[in-house]
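Colleague: So for the sequence shown, UniProt numbering puts the first residue at 1; every next one is plus one.
The reader is advised that the hints may include incorrect statements.
No more than 16 Å apart at the CA atoms, straight line, and that leaves these computed lysine to aspartate or glutamate pairs for EDC-like [to be verified]:
{"hint": "1", "residue 1": "Lys6", "residue 2": "Glu107"}
{"hint": "2", "residue 1": "Lys67", "residue 2": "Asp112"}
{"hint": "3", "residue 1": "Lys113", "residue 2": "Asp42"}
{"hint": "4", "residue 1": "Lys113", "residue 2": "Glu64"}
{"hint": "5", "residue 1": "Lys54", "residue 2": "Glu120"}
{"hint": "6", "residue 1": "Lys5", "residue 2": "Glu107"}
{"hint": "7", "residue 1": "Lys73", "residue 2": "Glu101"}
{"hint": "8", "residue 1": "Lys54", "residue 2": "Asp42"}
{"hint": "9", "residue 1": "Lys9", "residue 2": "Glu107"}
{"hint": "10", "residue 1": "Lys73", "residue 2": "Glu107"}
{"hint": "11", "residue 1": "Lys67", "residue 2": "Glu107"}
What the hints contain is simulated information worked out from the structure, not anything from laboratory work.
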Amino acid sequence: MLAIKKSEKSTSCVANVLPCRIQHNGPVNATTRHWTPESSSDGQTNTAYFRGRKLNGKTVNLPEGYKGAILQKTNTILPPTITPSTSLEDEEDASSSSTPETKTLQEVATFDKIVVWGHEVQPDGQEDVYVRGVSEWIGLATAVSF
1 MLAIKKSEKS TSCVANVLPC RIQHNGPVNA TTRHWTPESS SDGQTNTAYF RGRKLNGKTV
61 NLPEGYKGAI LQKTNTILPP TITPSTSLED EEDASSSSTP ETKTLQEVAT FDKIVVWGHE
121 VQPDGQEDVY VRGVSEWIGL ATAVSF
């Protein structure tokens, strides 16, 4: 199982889905020299250039009450929770049984919108798998929320 640990240092950002393959997994020192997207007046379309190629972006806003999170794996494992009604024998049984360990993910940043980029054309909400996927995940989250 996984648990999310909120951070006091968490910042706000915009998630970007780029149509390229990057052979790197981790932070980069992106400067304005390399990444300077421009937004339209309505904030729904964006234009940027990446390695000389024009990219058009579509902004997908998360619904009110939802937030996205950028998470980082940690080596921390949460101890099993013991309720007041748990007896000493139950505690011993729980520690010897195959109770799954709960690993933690650290919240690094949060976002309330995603920009999906396309080469030369703006991604279409019906055709683009990423735009459609975000919409489907939001629908699933709405259906299972309690």
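Colleague: Which constraints among the numbered hints does this structure fail? Numbers only, ascending.
Modeller: 8
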